[in-house]
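Given these sequences and hints, build the entire structure.
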Amino acid sequence: KRVFSVFDLIYVKQGTLYITENETSFSVEGGEYILLSPGLEHYGTKGSDEATSYYWLHFDEHRYEFTAKGGSNWSELQQEKGSFEEPAR
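Residues 1 to 89 in the UniProt record's numbering are what the sequence shown spells out, letter by letter.
The set of hints was computed from the structure by calculation and includes no laboratory data. One thing to keep in mind: the hints can contain errors.
Think about it this way: if two alpha-carbon atoms lie no more than 25 Å apart in a straight line, the pair counts; the simulated SDA-like pairs of lysine to any residue are [as the list claims (entries may be wrong)]:
| hint | residue 1 | residue 2 |
| --- | --- | --- |
| 1 | K1 | Y64 |
| 2 | K13 | E32 |
| 3 | K13 | Y55 |
| 4 | K13 | R63 |
This is the structure in structure tokens:
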């Protein structure tokens, strides 16, 4: 279990990555990504059942805030399909 002070962007190239953030579990499949927020606990929920490869990137943004759910809120977009060539929709 870890708590980072930076954002963590994980893109799964193939397979499935099982991860939990702030007590919410996610299954991130090949071609999908997840953005983990700073200051929240995250950890691998279970091992992958198949060969899985992924890329991750840590980055910092000093000007952000968490808001209540609703409206146009980036925190609602934690998991989205996309690729390096095509944007998520």
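Now the hints, each set against the structure:
Using a Cα cut-off of 25 Å, the hinted pair K1 and Y64 holds, with the two alpha carbons roughly 24 Å apart. Taken as a hint, the K13 and E32 pair is honoured in the structure, with Cα atoms around 8 Å apart against an allowance of 25 Å. Between K13 and Y55, the direct Cα distance comes to roughly 7 Å. Compliance with the 25 Å bound is thereby established for this hinted pair. Between K13 and R63 the alpha-carbon distance is near 30 Å, which puts this suggested pair outside the 25 Å criterion.
Of the hints listed earlier, the one the structure fails to meet is number 4.
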